[in-house]
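Novice: Each chain, letter by letter, is given below.
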Amino acid sequence: MTTAVSSSSSFNSATVRRLLPLYGVYVALAALVLFNIVYTDNFLAWNNLRIQLVQVTPVVIVALGMALVIGTEGIDLSVGSVMALGAALIPLYLGYGMVPAIVLALVGGVVVGLINGGLVAFVGLQPIVATLAMLVAGRGVALVVSNGKYKDIRDKDFLAIGTDAFLGVPYTVWIAAVLAVVVGFVVRRTVFGRRLLAIGDNRAAAQLAGVPVKRVLVGVYMIAAVLAAVAGVIQVSRIGSADASRIGLLIELSAITAVVVGGTPLTGGKVRVLGTVAGAFLMQLLTATMIANNLKDSTAQMVQAVIILVAVYTARERRTR
Amino acid sequence: MTLVAEPQLEKAEAASLRTERIVELVQRQGALAVLGIVLVVGLVAYDNFRSFDNAATILVSAAPAALIALGMTFVIITGGIDLSVGSLYVLGGVLAAWASQYGVAAAFAVPLAVCGVFGLVQGLVIAYARLAPFIVTLAGLLGARGLMLALSNEGGTTYLVDPGAFKDFGKGELLGVKYSVYLVVVLFVIGMITLYRTRFGQSVYALGGSEDAARLMGVRIRGTQIKVYVLSGLLAGLAGAINAARLGSGVTVLGTGMELDAIAAVVVGGTLLTGGAGTLGGTIAGVLLLQVIQNLINQDGKITSAWQTVISGAFIALVVVAQTYLARLRRVASG
Amino acid sequence: MSAPDAPLLEVAGVSKQFPGVRALDDVSFTLRAGEVHALVGENGAGKSTLIKVLTGVYQPDGGDLRHLGQPATFNGPLDAQAAGISTIYQEVNLVPLMSVARNLFLGREPRNRLGLVDVARMNREAAEILAGYGITSDVRRPLGLMALGAQQMVALARAVMVDARVVVMDEPTSSLEPREVETLFGVIARLHERGVGIIYVSHRLDELYRICDRVTVLRDGKLVHTGLIKDLDRLQLVSHMLGRPMSEVRKEGFTSFGGEHAAADSKPVLRVADLNSRHKLTGVSFEVLPGEVVGLGGLLGAGRSETIKAVAGALPLDRGTVEIDGTVVRRPNPVAALKAGIAVQPEDRKAEGLALGLSIRENIALAVLPRLSTAGIVSERKIDKIVETFMTRLRVKASGPHQRVGDLSGGNQQKVLLARLLATGPKVLLLDEPTRGIDVGAKAEVQALIDELAAEGLGVVLVSSDAEELIEGSDRVVVLRDGAVAGMLRGEEVTTEHLMNVIATAAS
Amino acid sequence: EDDPAAKTTADSSAAVQTTKSAAAGGSTCTLTKFGGQKVDLKTATIGFSQSEKEANPFRIAETQSIKDEAAKLGIPAANLKVTNADSKFDKQITDVSTLIDQGVQLLVIAPLNSDGWDSVFQKAAAKKIPIVTIDRKINAKHCTDFLTFIGSDFYEQGKRAADKMAKALNNTGTVAILLGAPGNNVTTLRTNGFKEQIAKVAPNIKIEFEQTGQFSREEGQKVSEQLLQSKPNINGIYAENDEMALGAITALKGASKKAGDVKIVTIDGTKGAVQGIVDGWIYSVIESNPRFGPLAFGTATKFFNGEEIAENIIISDREYDSANAAADLGLAY
Ligand SMILES: Nc1ncnc2c1ncn2[C@@H]1O[C@H](COP(=O)(O)OP(=O)(O)OP(=O)(O)O)[C@@H](O)[C@H]1O
Ligand SMILES: Nc1ncnc2c1ncn2[C@@H]1O[C@H](COP(=O)(O)OP(=O)(O)OP(=O)(O)O)[C@@H](O)[C@H]1O
Ligand SMILES: [Mg+2]
Ligand SMILES: [Mg+2]
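Residue numbers (this note's numbering), protein chains in the order written: chain A, 4 to 324; chain B, 239 to 573; chain C, 850 to 1357; chain D, 34 to 366.
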C-alpha cells in the first residue's frame, strides 16, 4: 500500500525474511500437521484426511475466486449469499434432471457476478460496498427463491456428487483440485490473468495500456460468483438439503482469511493460488484440531484469532521497509 | 487581503461553480435527502409512523448502532476498517451487566476499559506490524467473541443488571426520550468538534487522504491510527453498555453482522471507504435511514422476512449508486 | 546553542541500502547558512534518498548527521520540522481531498482559546499567504482540484511558512510554468537574504546556474564532486554527472533533436477535428503527418494533457472525431485507440503509466498481450523476445527483465513505458512530458529516440513544459489556451520568441 | 410445490398441543390482577414477533400455526402484525417496540433470548399490554411483565432424551453431544437436563465430546465427521435438535456406518427426523411441538374473559421411537 520509510534491512536474516512470506503458510501448515500427528488420535488415518479434504472443499473453491478478486484490489463479500442462491436453485429444477439443475445454479452465479462486476466496473462502486449490498440482498433472493424453506434432496445422481469417490478420492475434492489447477493456469499463463494483475497493481495505467478494464473486472467477479455457486452446489450434494438461510454463512470471512494467510496481499497486483489453497487447509486443520481435542468454543475462537494474526504477519510483504 | 478568487471569475465559471456547489451539497447530504424522502413516504402511507412514540422508538433503537458508526466513521476516514465492533459490542454488554453489581461507575468503566484495550491492541498491530486492518480486526472479531463466550460460560450465563443507578439510566427518560439518545447526541457533537476542529481530526483526514503525504507533512501516522481504533473500541464497548442498561442484562446472542450494518450506515452516509473524506452528519443520516427502513417494513407488517432482506440490500445499493452518480456529476461540473 | 558559523546541516559518510541497491555510499554533504546548494546527478543517483536521510524519513545504515554542529537523529519528518528543516518532496506530497487551507496548515493550524482549530482564521490567512504566490483560487476547495503547478506552490508556501532554517526542494520546478518558476525564484531570493540554507535538486541546468551557489554531484550513490558552481562550466558539470570524459558529452544547451522530418505531400496520419469536452476542450483540431512531430504548447492548464487524453480515448467527449490514416476511430476508448494505432504516454507515469508492482517484462508486454498469445494463453517465448528487443533498443538499465518497475530510477521507468508504447507498433505516439524528471543523459536518449521514431514515419504529438525542448523537437507547434487552439507555429515561426508571443497575445 | 398450510390443517386436530399441567408451577394471573382492559380478540390488533427466519420446520410451523389460528378465529389479516427478527436480538426488541407503538392489544412473542426484555416490559406495562411468550421462556415477573409462558420444558426434554439414551445403550457406552447455538438457554437447559439425568440413571455412560453444531444441519454434519474420526468408538449421539441429527446421519453414512451402529437421540419431532426412526438411523425423537396458535389464542381468550391464567403452561410433548414412528409420522411437522 505504501512505499518507503524508516529502518534498514540487515543481511544476516535476509534470506529468512525473503522466504518466510513466500513459504510461511506451508511452514505453519507443516507445524500443525506435526502437532496433530502427535496429539490427535487417528490423525493420519486416510479416513480422517479424506474428511478434512472434503470439508475444506467449499472454502477452497470460494477462496480461489476470492483470490482473483483480491488480485484486482477488490473484495467479494457476497460469496456466501451466492452459495445460498446456488443451493436454493438446485431443488427447483432437479425434477428435470441433475444437469439442468446444476446449470441453473451456475447461471444464478453468473447473474450475481454480472451485477457485482457491473456495479464495480461500470457504476464505479467500491467493491466492498457493492458486494456488501449483494451479501444482504443475495441471501434474501435465495430465501425468496426457496420460498423461505429448506428442501431435502433425494435425487440419487445428484447426491452422488457429494458422497461418491473416484480412485478413492471424493468427487468434490477432484472438482476443487481441478478448479485450483485451472485458476492457477489462468493467473500464470493467460492474457486474462496478466491483465487482472495489471488492473490490481494500477488500474489507471492498465486502462491507458489498452486493457479492457471493465470487461476483465466483470469477468473476475463473474468467476468468483460462479465458483461460489459451485461451492453451493457441492455443499447441497454433501448435506442432502438446500437450506438458503444457512449455507455459506460467514464463508466470505474464511475465504478472505485463507487468501490473505496464503500470501496474497489485499492491495492487489498479486495472486498466489497454491498459497490460497494452503491457507484454506491451514484454517481447516486448525478448526479440526480444536474440535478433535474438544476445545471449548471460546478458546477455539481466541486461538484462531491469534493464529490468523501470526500467519498473516509472517506472510506480509516486507519490501521497502 | 481577502478572498479574491470569485470576483475574477468569468460569468460562466461562476455559474458552473454554483451548480457544483449545489451538486456537492446534495451529494454530501445524499443520505439526508433520501432519509427525507423515506420519511415523507412513511408519514403519508402509515398512520402509526406519525406518532411521537414511534419516533422515540426509532431513536432509541438507533442509539447503539449510532455509537458504533461514530467510531467506525473515524476509522473509515483514515482508510481503515473495524470488523471487531460487533463482538466488542456484545462483550461490552456482558461486562457492563456483570460490573453493574459494583455500581454504575463500574458498569461503564469496565466495558470501556476492556474494549478500549482491545482497540488499542488492534491499533498497535495495525500501526506497528503494518497488517491490513481488515485482517487484524477480523481476528479481533473472533478474539472478542471468544473472550465474551469465556466470560459467560460459553454464552450460557446471562448476567442481569443490578437494580440501581445503571438500570435506572437504561430506564430513564427526559421529555419522553431515553437518556441514551441524549448521550448519543452529545457524543456526536463532541465527535464533530474533534473531527472538524482539532488537529487530531485533521490528521485523521490527512492519513486517509494520503498516508505518504501525511507522513511527510509530519502527521503522526501511528499515533493517529492507534487512536482511531481505541476510539472505535471504546464506542463499541459503550454501545454495549447502554444497550445492557436498556435490556437489563448482558445478552450474549447479540451483535452478529453488526459490523456490516455499521459499515453500511457509514457508507450510505457518504463516507468514502477509501478514506480521506466523510462526515458525521452523513453517518447519522445513514444510521437513521437504515433504522427507518426497518421500521417501515414493520409498519407494513406483510413483507416476509426473505423480502425484507432483499429490500434492505437493494436499498443500500440504490443509495450508494445514486451517490456515486452525484459525485461524478460534481466532478464533471467542477472540471 | 552552537557555534554561529557551524554548518546548518552536515552528514559524513552516510550509506543507505535498499534491497538490491546501494542508494547512498559513503556520502558527505554540508549545507551552510545562506547558501543555495544544488544537488545534482542522474536518475537514481541517490538525490532523493539523501534528502530523505537528511529529513528523517529514512534512517541511514551508517554515517553521522549533525545539525547546527550537534550530532542529531531525526526520527521522522516531524522531528526535522521541529528542528527548522522544511521539505518539498519530489512528488507533490499533499492531501488532495483536503482543502487548500487545511493542507497549508496541517499540523500547525491556528487555534482559538479553547484549543480548537480556528477555521475562519485559517482560511483567511491561507488566502493571504497564497496570494503572495500568485494563487487566488478558493482555499476552501479540495486541493486536488487545483492544477499541479498550483499544488506545488502550496507545498512551497507550506515549507516556507514556518521559520525554517533549512528548506529542501526536490525538483520543485518540474511541474511549474515559467511565471511560477519566477515566483519560486523570488521566494528563494528572499530566503537567501534571510540566511536560510537551501538544498535545491533539479535536472534543469540553467536554473542551477541562475540561483545556486554551490553544487554537489552524486553518481550511483557516491559523491563525485562538491564545490562552487561558478567554478564549473556546464560541460564539466554534465561530465561529472554522467561520469564520462568531457569530449564525449554533447555541447551544452542543445537538445538532441535533429532537424525537420515530415514529407509535406503525404496524407495526415492523425487528424483531430473539433474535440469538445465540457469545461475542458472547445473545438480543438489539428493534423499530424507521418514523420512529423507536432508540439502542443501553452501554459499550465491550457488543456494539453486533456487534448492528449481525448485523442487517446481516455476523456469522455461531447463532440469531435479522431481519424487515423483516414479512418475514424469509432467509440473512442483506450482499447479502440490502441487498436487504431495510437499509443499514449501519460503525464504522470507513476499514477497512470506503469504498474509499479509488476516486473519490467509484464509492463512491456501488457499492451500487446493479445498479439503474444494464442486462444488467450500467453506465449512466454514471444514475450521474452519482444521484451529483450525493446530493453536493448531503449537501453533500459535493470538487473533483468524480472525486476520490479517500482525499483527502477525515473529515467529507466520512462524507458520501460516508452518500450510498452513502441511494442504496440503504433502509427501515432502521444507523448505528454516525456522527459519530465529524468536526467540529462536519459533525456538526451529519449529525445534522440523521438527523432528516430519520427524518421521511421511515425506521427508524434509532443507536450513539454520545457520551451526549449518543445521548440527544438517540434516541426510545428499548436498553441492551446483554455482548451482551445490559440495559434499555430510552423516552419520558421517555430521559435521560443514566437511561442511566447502567441501565448502572450492569446492570454491578453 | 407443497402447501404447508394445507398440511398443517390436515393433521392439526391430531398434532395440536395439549397442556401437561394447566396450573403447574408458579402463580396465576387474572385480568383484574393484571389491570388491563378487556379486549375482543376478533377486532383487536395483535402483534406476533418471530425470532428467526421461517427457514426451518419448527419456525415455519410456529408462524403458520399462529396465522392459521388467527384466521380461524376470524381475525382480519390486517389486524395480525407479524415481525421477524432474523435471529438478531436487537432487532427483536425494536420489532416489539414498534408493535407496541402500533397499538397492539396482545403480544405473542417467540423470544430469541430469555433475558434482556426490560425495555419492552417497561413499555408494554405502561400500556397494559399482556404478553404471551411461546416456545422460550422469558425471565421476568409474572403478571406484571408478562402474562404466561406456553411451551415445552427444555430441561425435561433433556432428561427424557437421557432416559432414551440410557435405554438405547443399556446404560453403558460413550456418548457425544451436538450442542445447540451457544448462549441460547434452550441449549443450556437441554444440555443440563441430559447430563444430570445421565449421571443419575446411567453413570456408566461417558460423555466424551461436546461441540456446538449451531442447531444447523451443515455444522452438525461437519462436527460429526470430525467426531467420527477422533472418537471412532462412540456409541451414541445426543443431538439437541433434529437438524443436527440429520447432519450426523449423513456423516455416519459417509463413515460407512450402518443404521443403528450409533444410537441417535434427538429433540424436535420434524418429519425428517421421525422418518429417520422409520429408516432405523435414529433411535428416538423427543418432540418439541411448535403449533402454538390454538393454545396461545385460547389462553388469551380465557384471560380476557376473566379466567385465571397460570404462569407456565407446559405442553406435553410426544416422543417417537420405533414403536410409533411409522404410525405417527403424520403428526410430525
Ligand atoms: N524505497 C526504495 N526501495 C528500494 N529502492 C529504492 C527506494 N528508493 C529509492 N530506491 C533506489 O535507490 C536509488 C536512488 O534513488 P533516488 O530516488 O534517491 O534517486 P534520485 O537521484 O532522486 O533520482 P531521480 O532524479 O530520478 O529522482 C535508485 O536506484 C532507486 O531505485
Ligand atoms: N489555477 C487553476 N485553478 C484551478 N484549476 C485549474 C487551474 N489551472 C488549471 N486548472 C485546471 O486543471 C486542468 C489542467 O489541465 P491540463 O493538465 O490539460 O493542463 P496542461 O496544459 O496539460 O498542463 P500540464 O503542463 O500540467 O500538463 C484543467 O482542466 C484546468 O481546468
Ligand atoms: Mg529523486
Ligand atoms: Mg499536462
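Quick caveat, the hints were computed from the structure, so don't treat them as lab data. All of these numbers come straight from a predicted model, not from anything done at the bench. Beta carbons: idealized from backbone N, C-alpha and C, even for Gly. Wrong hints could be hidden among the right ones.
Stated by the list, open to error - Label-pair distances were calculated between CB atoms; the ranges are:
hint : chain 1 : residue 1 : chain 2 : residue 2 : range
1    : A       : N296      : D       : N237      : 52 to 62 Å
2    : A       : L37       : B       : V355      : 48 to 58 Å
3    : D       : D294      : A       : F38       : 26 to 36 Å
4    : A       : L37       : D       : K291      : 32 to 42 Å
5    : D       : A110      : B       : V278      : 19 to 29 Å
6    : A       : W177      : B       : V278      : 51 to 61 Å
Novice: Which of the stated hints cannot be reconciled with the structure, identified by number in ascending sequence?
Specialist: 1 and 2
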